[in-house]
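Q: Modelling step: build the complete structure from the supplied sequences, incorporating the hints.
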Amino acid sequence: MSGQHIFLELILMPLLAFMIGLFLVLMMRKVRARIERRVGPPFLQPLWDIIKLYVKKMQISHGVIHDLGIIMLLGGYITAEVFLPVPGMSGFTSQGDIITLIYLMMVPSLGLALGVGQCANPNGSIGISRALTAMLAYDIPFIVVIAGACLYYGTTDLTEIIALQKSQQWGLLSMPILALAGLIAIHAMLGKEPFEIYVAPAEIATGPMVEMSGKYLGSLFVMQCLQIYTITVLYTSLFLGGGYTWFDFIPKLFLVALLPVMITVIFPRYKTDDVLRWLWKWPTGLALLGLAIVVLQG
Amino acid sequence: MQRWTTILFLTGLSIVLFAIITPLVLGQSPMLVGKLINASAVNDTGAANLVTAVVLAYRGLDTLGELAILFTAATAIGIILGTTDKTQTTSSPTAGFIVATAAKVLFPLLLVFALYIILHGHLTPGGGFQGGAVLAAAFFLLTLADSGNNIKHKVTQVIEALAGTAFIVLGLVSFALQGVFLQPWLDKGELGSLFSAGSLPLLYLALGLKVGAELANLLSSLANVEK
Amino acid sequence: MQDSLILLVVLPLLLAFLLPVIARYLGNLSGLTGSLLLLFNILLLANAWNSVGYSPKVILLGGFAAPLGIVFYIDKLNMLFAILTTIIALLLWPCRTHNTDVREYVLWLLLLAGCYGVILSGDLFNIYVFYELLAVASYGLVTLPATGASYIAGFRYLMISALGSAFALLGIALIYSFTGSVNIAHLAQIIPDHLHHIWGYSAALLLIIGFGVKAELFPVNFWVAEVYSHADKRVTALLAGVVSKIAVLIILRFIILLFPWQDIFNFLLLLGIIGVIVGEFAAFYAQDLLRLLAFSSIAQSGLVIIAFACATEAGIMAGIALAIHHLLLKPALFLLASHCDRSINDLAGLAKSSPWASALFVILALSLLGVPPLPGFWAKLLLLQSLMAEQYLLLLVLVLLATIVEAAYLFRLFMLFYQRQEMPEQKRITIQGQELYPVITLSGILLLGLFFLPLFMDSLREIAMQTSNIEAYINTVLGKVQHIGEGNI
Amino acid sequence: MMIWDDIFLEVDFWINIVSIALIVIGIYGIVFSQHLLRMVFGLGLLEAGVNILLVKAGYQKEAIAPIVTQASDTMMSNILAATAQMVDPVPQAMVLTAIVIAAGVQALALSLVIRIYKKYGTLDSHVLFLAMERDRHLSLNQKD
Amino acid sequence: MSVLDLDHVFFLLIVNIGIAVLWGNRPFVGKILTLLYILEGLSILTSYHVLLSGAVLSSSLTFTVMQQTVQWQLGVSGGFFALITFMAAGLATWFSSGVWARSYAPIRLLHSYMALNVAAMLLLLASNDFLGLFIAWELVSLVSFLIIAINGGRSAKAAYSYILYAFLGAMAILLALIIIWNATNSFSYVEVRHHWSTMSVNRQLIVVLLLITGFGIKMAILPFHRWQAPAYAYVPAPVAAFLGAISSRMGLFALFIVLLQVVGIDVIQTLWLPFEIINMQTFLLWLAALTLIIPTFIALRQTDARLLLAWHGIGQGGFMLLGILSANALGTAGGIMHVFNHASYQAALFFAVFSVSYRTGTADLDRLGGLVTRMPISFTVMLVGIIGLAGLPPMNGFVSKWLIYKALLDEGMPLLFLAAVIGTLGTILSVYKLIHNTFLGQLRLEHENIKEVPWSMSIPMMILASIVFITGYFPGLLLESIAAMQSTLGISVVDYHLGGVNTGKGNLNMIVVVSTMLMAIGMGALIFFVLGNPRKQVTQWDNYAGGHFLTSDMRYQYSHNFYPGLMRVISPLYRNTIFWLESAIVSTVQFMAHISYALFMQANYLLYLILLVVISLLWVLAV
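Chains as they are written, first to last, in my numbering: chain A, 1 to 298; chain B, 299 to 525; chain C, 526 to 1014; chain D, 1015 to 1158; chain E, 1159 to 1781.
If you're looking for bench data, these hints aren't it; they were derived computationally from the structure. Idealized CB from N, CA, C, for every residue including glycine. Watch out, some of these pointers could steer you wrong.
Stated by the list, open to error - Using C-beta positions, here's what the derived DEER-type ranges look like:
| hint | chain 1 | residue 1 | chain 2 | residue 2 | range |
| --- | --- | --- | --- | --- | --- |
| 1 | A | GLY154 | E | HIS1207 | 33 to 41 Å |
| 2 | C | LEU551 | B | THR320 | 51 to 59 Å |
| 3 | A | LYS52 | E | LEU1203 | 23 to 31 Å |
| 4 | E | HIS1352 | A | SER167 | 44 to 52 Å |
Claimed, not checked - Calculated from the model, a selection of chain E residues having no Cβ within reach of chain A, i.e. all distances over 12 Å:
| hint | residue |
| --- | --- |
| 5 | VAL1179 |
| 6 | SER1217 |
| 7 | GLN1229 |
| 8 | TYR1347 |
| 9 | ILE1435 |
| 10 | ASN1437 |
| 11 | ALA1485 |
| 12 | ASP1568 |
| 13 | GLY1634 |
| 14 | TYR1716 |
A: Next comes the structure, spelled out in structure tokens:
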């Protein structure tokens, strides 16, 4: 792979991720609106929101670390994008496997925590402690799911997993329970309704976003798009056989993003303790059951 | 209750001891070494009284050890009771007139009797220890009679020391002559006569004097302990 | 010529008899004569050591052949213990202050003569007599400080020791009534196979308990705590270091030569291990330094007894190594501890007031504990190896647990010594220099021994081989005469 | 010589009884008594009992005392015949030493008892033990 | 320079001790000692290529006793650990050589104990057979007792409990040694490995368990972990860094040598615990996993920064053991690499925490906050440290964690993988709490005029931070010596390249990962700073407070009980059973001591003598 080819992919992958992410966010808001029997936002609304925030005159910063946190936020997900297997572009998928990806996804949450910490607002700190507790909550079932998958496939390299699924059957069919548990875990990772204590708009006063305004809030929206994209691509490549061509890849992503939205609409918000207890009880139980099946199958 | 435990304990102890002692029927014990000594004692040491032969010749070191123990006991008592100066000693009541006169009469007799026992140690039963005891009794009789004229500790100590050294020197001489410590030397003389059995009577003499002086010293220090 | 070794016993007695008389003329020289005599003893032993060479020698007392007369048996082990006793006695010799009674020297000399007699003698009753000489001399020495408490401690010590001697005498009577002889070599031929029944066992038990009093065997070592904390420091050092090891030596001779039966070994192992555990735990609870060291010496002699009780050659080697290590170490500790005779928490901050003494105490205690580079570790390693060879796993574990308890109370002491906050001025303890000379020489010997460790280990192995070789013992003592007069046992 | 034998057994039995009685009483005296003096006497009895057993070990049946009396004829042969009949002299020598040792130890014990009585005025071993501990405690604390 | 053999290093160490003891309290001596440590490190580095090729640095320190020749020589594994020791010691002495020395009275003691510690540790690392190992082991435990007890008071108590645990360990090792001696009557590793199978199976089991207890105590494996946290927290700064970095890893080194080289991992896999429930390797792995999880979640609750870090030290120790015992090339490589990584960022974190407490006087998380504006360098060092400790990509912690996770997955132990990840997540939470409560949030009034720590203290911190980043960027540097180590031990070797590892099933190239991260952060910064209007700096009181006006006298900071939700869920799990177990043992010992003392203090003790005589005679009659 020649140098500039790599460089091109380095630029192209995050951009593509951002665009697909925007459409995913749009789709989510559209579907949610439809369910709530309202029209929903126009086509490019998420993009406009970001642009509106970026062009704001008053950009309030609480210190260097506040900015550094946001940059770490964006940087973390941009790096993750490069390692995700996307049809047609290999990027650096061969240089880092799924464990690297999991850790790369933790870097942004640490960046966000640092940024919010610098704002010296206790409400922000409370929000961050809730965010990290939630991370602890949803990461455990997710890790069990990944352990099960890797054990089943025998490898932790995503491109190989996709190739295996192409030759055999989709992960969804071979490990249904794990796939289900994975879905619930992803649901929590996206910070959607029952588990959205730390990003919920109503909790804005006590959430991490309390001191974020202007382009800081904008970058958070960018992060949200990239996050949705990363998580859905990860899930598809693990259980839905990844994308052979762009035409079957995009619908899979939208499908994966669609299911959580359907659930979020009808649920109220859990408190942090209940998030912990629920996530450690049901999805983890399911995942462990799936893991047991995988292990027993040998 | 305490009474019963002691009785129980004592009967238990006596049964145990009895079980150990019974097989040793009197008279049947094997005289392994005894026979040899009986056979060779007379011509080895020339002493008529075989016990003295054993005490002084065959097992001379035991007797030396024994002497040392008595001497240690005496010195230890000397330190503990510390009767170096007689000024504060309690003046026990002077014995009655009968005891005083009897003491004066008996003292020389006892002396003669003690010396007889010591000197004839190798011929007739008795010897240094028994003679020494009688000697001490003689002197103690005097202190009993009237506590005033106490045994002069200086003198007894000197006798004691000299007698002890005499005993050891006799042994050392035999060491110098024959290279073996405490071996009976000097000619054995004919059996049964006073001057027979080589150096044994001399050893017994030294032994007797030492024991006599020591016991006298011991008894007097026990008798009049300082206030 | 090694026959002259008899002088070891005789000269101290001669000097003891003469000293009260000639002390007036010698004046303060009398202390010196004692040490001169000891130097002479060392010379005697030195030229005897290389002349003994490999085969052990015999001295016939009174020129009579073995079973008749008394016999002194000279072999490497006895010589080693004799030399060590002389060195320790020389170092601990009471220096002459204005009020020391000359009779104290007499008692020391008599004790010394008793020690030599017990080490060298090869005759059962003779050992008993010299052991008794040792005992009576130690009664006298214990009551030297003339305080009421020392009298009571002396009396209780006398009582238990006299009771022990009575049992020993009963044992000798039993043995004599069965075998008719008291010479150890002669008995060694008869007892092991003929007396292997309950009377032989009971004789063995009585003898071991009798001589166990001085060897600090478990049930009979109640006197140790009282006597060591009330007696004079040099006497305690001598008793704890030398005398207890000599008593253990006697028990070693008995169980190797006279009673080589497994039941007796088990009995001794049991008593030994109880002694170790109870000793260590009592030391953990002890409130003052002297009593702590007394209990630790109970534990140490328990270890030596255990080593000897597994009567293999390795066991004997371990026992000798432990005995020598403790013999050199404990007197030094007692001399150091005698100055800080306070309850333990008054010792806080000792390192500030007398840094050298506390540093020395720490090093010696670490060697006692068995911390590797120090000699104590090698002795303990030998013990553990011999225990393992005999597959006594439980004993091994208990010994190690006891070491941990020992570490607990020793380190508690070190923490106290090196505490930061200052002690009030008047409670400060300072140890003068000249008191430390014997301690420094002793620890010097110990640490020097470290450099000659391989050489030392080989000679120890050689001594152990010679001791455990029973036939050699019988042949040298009885000459080539076999089984004199079987007698109707 | 039947009579001689059963008389002989009778004597042996009685000697055993006496010696064991002495030993047991001695031990009782030492262990169970609280009075120091009684302990010393107990010791004496114990030593006596043991000495009896020691002497008994030397006795031979129908043997005579080990003293050569017919001093007149110095013929070696009949002296040998005489000594063959003799009792074993070695235990007698040993007993001699044991008795003197016992005497020495008891004298020392008595002097200690005197000294203790002078100092504490009592001879009860429990009281004395507590007194010793108290002295020890005092000497530990007030030494400056 | 010609190949230096070990004698030069020993000589330098003795010079070290001499200088420290004689002129410890001179101002310039700290710098000389640092130079000496660095010189020693370099001397090993120069002859490191010899070690890599499997040769050995021999020394003339040998003696033979009981037909055993005890010889000291440094292999590649010893060399690797020695490098870490010298790095830690050098930087710690550098930290304490400057201004800090004036604030610490017994500086002479500190320098001499540090020198003694390094010497003892090198002796341990160079030991070549069981006897040499045990001698050095006792020396190390004694000397670390000294250095732990340096502050007196609280740390003296911690040191006392440490030395008791250490002696328990030492006795366990001695027992194992004796059992081995009985089977093979030799102490050399080769001989023991050769004769190992002659021992009966349950004796092998006992020996392995004893060795693990013995060495595990120093590493604070679970049942014996109570002594380490206070011991490593209440000591002065350089000592805490040194101990945290390397001291408890001596246990790991010994375990690593004994279990892998002598006993062999295959033997451990075949050894079954009684009743065949679980084989030894799984038992140990689960023990290591528990040692990772429980201390980490205890650390979560700590309010004192030093204790929090000390508890994390114990947790990461469990992680290393997890790696080493995974019997997989990647796992062992990860385990050893984690030793280096942990040494680097633990020391950095301790330095950062102590520099904060040097300036503010306290390390209590509830009384700090907002210091990032005042102490930027300490903040960056702590940031790098916590990213390393949490094991996030750019730093070296991630590489060793990745290796161990990959090994656990490849070996088919998903539950252990889960346990390890739980441990890591707990680390991330507690580590964020550390940096948030000290540096972020509201700056307190009294810390207004806090300045950054002087250069002599901040340079070592920065060096450590850079080491953490560089070894993260190029893990090959470490993997090279680790591969050499694995080959000398005869276990499967990891195939590495400068950037990382490529196994067949998913590989890692840190050069790519880190460079993409830097590029991505560059892009993020580009987007963030270029687009949108210039930023306006705002003071900490210009915050949203629901309409209230923030004033400086009101403490507007959230740091106490940082994870309330999590704590409510898992607080029932904190039952500290080990604490009750420990105090139960202590009270039984005291009770037995009281009994045996009373046993001796008897007025009428002759009774016991007579009882013994009667009982023994009865026993004789019964026989």
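Q: For each hint, tell me whether it holds in the structure or not.
A: We went through each hint and held it up to the structure:
1. Separation of GLY154/A from HIS1207/E is about 38 Å and conforms to the stated range, judged on CB atoms against 33 to 41 Å.
2. Hint check: LEU551/C to THR320/B, Cβ distance near 58 Å, so the stated range 51 to 59 Å holds.
3. Roughly 58 Å separates the CB atoms of LYS52/A and LEU1203/E, a value that falls outside the hinted 23 to 31 Å.
4. A hinted range of 44 to 52 Å holds for the C-beta pair HIS1352/E and SER167/A, which are about 49 Å apart.
5. At the 12 Å boundary, the C-beta of VAL1179/E stays outside the reach of chain A, the nearest C-beta of that chain being 45 Å off.
6. With a least CB separation of 42 Å from chain A, SER1217/E remains clear of the 12 Å interface cut-off, as annotated.
7. With 12 Å as the threshold on Cβ separation, the claim that GLN1229/E sits away from chain A holds: the shortest Cβ distance comes to roughly 43 Å.
8. The non-interface label for TYR1347/E is consistent with chain A: the shortest C-beta to C-beta separation is roughly 35 Å, beyond 12 Å.
9. Distance check for ILE1435/E against chain A: the nearest CB is about 18 Å away, which clears 12 Å, and the non-interface claim stands.
10. At roughly 17 Å, the least C-beta separation between ASN1437/E and chain A is larger than 12 Å, which holds for a residue marked as non-interface.
11. Under the 12 Å C-beta cut-off, the non-interface status given to ALA1485/E relative to chain A holds; the minimum distance is some 17 Å.
12. For ASP1568/E, the shortest C-beta to C-beta distance to chain A comes to about 9 Å, within the 12 Å cut-off, and the non-interface label is violated.
13. For GLY1634/E, the requirement that its beta carbon stay farther than 12 Å from each beta carbon of chain A is met, with the minimum near 14 Å.
14. At the 12 Å boundary, the C-beta of TYR1716/E falls inside the reach of chain A, the nearest C-beta of that chain being 4 Å off.
Hint check: violations occur at hints 3, 12, 14; the rest are consistent with the structure.
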